[in-house]
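> Take a look at the letters that make up each chain.
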Amino acid sequence: MLSDMTGDEAIYGHFGAAGGYALAAQRAMHEFNTGPDTWKHIAVGQRAWANLNPRAMMYDRRLTDDDYRAAKWLIEPFRLFDNCLVSDGGRACILTSVERARDLKHPLVTIMGLGQHNPSGDLQKADYLAGPTGAKIAGEAAFSMAGISREAVDACQIYDCFTYTVEITLQDYGYFEPGGGKDWFMGGAIEPGGRMPVNTSGGLLSEAYHMGLTPLTEGVMQLMGRCGPRQLGPETNTKTPEIMLCSDNGGILQTHACCILRRL
Amino acid sequence: MGYAKPLPQVNADTRPFWQGCRQHLLKIQKCKNCGLLRWPPAFICSACLSSEVEWVVAKGRGRVYSFAVYHSAYQPGFQDELPYVVALVDLDEGPRMITNIVGCDPGGVYCEMAVEIVWDDVSEAFSIPKFRPLQGEG
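For the protein sequence lines, the chains are A and B, in the order given.
Those letters in the first sequence? Residues 1 to 264, per our numbering, in order.
Those letters in the second sequence? Residues 1001 to 1138, per our numbering, in order.
Please note that the accuracy of each hint is not assured.
Here are the computed lysine-lysine pairs in the DSSO-like style, where the Cα-Cα straight-line distance is at most 30 angstroms [stated by the list, open to error]:
hint, chain 1, residue 1, chain 2, residue 2
1, B, K1059, A, K125
2, B, K1027, B, K1059
3, B, K1030, B, K1059
4, B, K1030, A, K125
5, A, K72, A, K182
6, B, K1027, B, K1005
7, B, K1030, B, K1130
8, B, K1130, B, K1032
9, B, K1027, B, K1130
10, B, K1032, B, K1059
11, B, K1030, A, K72
12, A, K239, A, K105
13, B, K1027, A, K105
14, B, K1032, A, K182
15, A, K105, A, K182
16, A, K182, A, K239
17, B, K1130, B, K1059
18, B, K1005, A, K72
19, A, K125, B, K1027
20, A, K72, B, K1059
21, B, K1130, B, K1005
22, B, K1005, B, K1059
Just so you know, the hints here were simulated from the structure itself, not pulled from any lab data.
Use the sequences and the hints to build the structure in full.
Structure representation (structure tokens):
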């Protein structure tokens, strides 16, 4: 069974997504000096959002920098809180015409831009583990279609299978230079009240693992204004959002999709 | 029970590789059309799509591209080896392969570390290529 899923990688005790992303994150540590000092901001920041979300698996569990540091290694360089949750559940997003949506009770959210890039099929041929990943070309395509720049984005919902995934995705979207995440994430930048809210449900790390639909549905619901105590806007001392950047990726950074949403 | 870890799942693409391993020869494919050295084994060349291929023996040296240290055994056979190191090693010939780094403390492994092959004879049928820190010029 295990070998059916991982092929001959299982011979070496290499299993699943965590091992592959750990290899990616380790290479990134070598290339641009990232590491736990950057990733803790992502784990702790997203947990602060989950603490405002009663549906989040980690709703009633606080997480501090010290908790992050004290957690056990799973596959180094990842500690426990660098890893996403394992969840049962489901999400759905209903897509229809603008004309039909105008008749519905919720505010209208549209797709402004889409981009996709899928760089490779085999981990052993991957030369993008430390970036640029598929996020670079996918992001450029989505921004081009949307006709906006990064500065127009009010908040991000980034596929966060691991903390490092959030860093490399935002880096490849151009929010900071390689390694610049360590400063960019500081000061609660992505938390409630921060200058660029990220993964406002708690994300895959702290809300629930519903694959790419955790970020996408959160983006839609935030734009519709359906998020209760975690709603972007006056409730969380952030800007009421009009434009939301969402991402999804698959494999070990082998596939990537970027979706920019707008509230009409 | 003897060996408790997963064994290679040999298929038509990988059979010559594992046969080589049993003789302690690290064989990789070379495209007879464009000369690309490639890993993992495949039916056609990813560069030129030719199916004409030969096998050449790599000398078994390389550098660590990246590595991960497992602190948890996701399959019981690895329990006694924790923590152990999985790595992507760039062979001197070019191809990158997934393997283990053995024969050193996991805390001493680093990206770009020079490594050399060491054979793990796990059964009558299989020898598995692993790598250890380069022991000096030989």
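> Would you mind confirming whether the straight-line C-alpha gap from K239(A) to K105(A) stays at or under 30 angstroms?
holds (23 angstroms)
> Hey, K1027(B) versus K1130(B), does the alpha-carbon distance stay inside 30 angstroms?
holds (14 angstroms)
> CA of K1030(B) to CA of K1130(B), is that 30 angstroms or under?
Given pair K1030(B), K1130(B) holds - Cα atoms ~21 angstroms apart, limit 30 angstroms.
> Do the alpha carbons of K1005(B) and K72(A) lie within 30 angstroms of each other, as the hint requires?
With Cα atoms ~24 angstroms apart, K1005(B) and K72(A) stay inside 30 angstroms; holds.
> Please verify whether K1130(B) and K1005(B) have alpha carbons no more than 30 angstroms apart.
With Cα atoms ~15 angstroms apart, K1130(B) and K1005(B) stay inside 30 angstroms; holds.
> Assess, step by step, whether the Cα of K1030(B) is no farther than 30 angstroms from the Cα of K1059(B), and give holds or violated.
holds (14 angstroms)
> So if I understand the rule, the pair passes when the alpha-carbon distance is 30 angstroms or less; does K1059(B) with K125(A) pass?
holds (20 angstroms)
> What's the verdict on K72(A) and K182(A), does the C-alpha distance respect the 30 angstroms limit or exceed it?
The given pair, whose Cα atoms are some 22 angstroms apart, holds under the 30 angstroms limit.
> Would you mind confirming whether the straight-line C-alpha gap from K105(A) to K182(A) stays at or under 30 angstroms?
violated (42 angstroms)
> Take a quick look at whether K1130(B) and K1032(B) sit within 30 angstroms of each other, Cα to Cα.
holds (27 angstroms)
> Below or equal to 30 angstroms on CA atoms is what counts here, so check K1027(B) against K1005(B).
holds (23 angstroms)
> Next pair to validate is K182(A) with K239(A); report whether the Cα-Cα distance is within 30 angstroms.
holds (24 angstroms)
Checked against the numbered hints listed earlier, the structure breaks hints 11, 13, 14, 15, 20; every other hint is satisfied.
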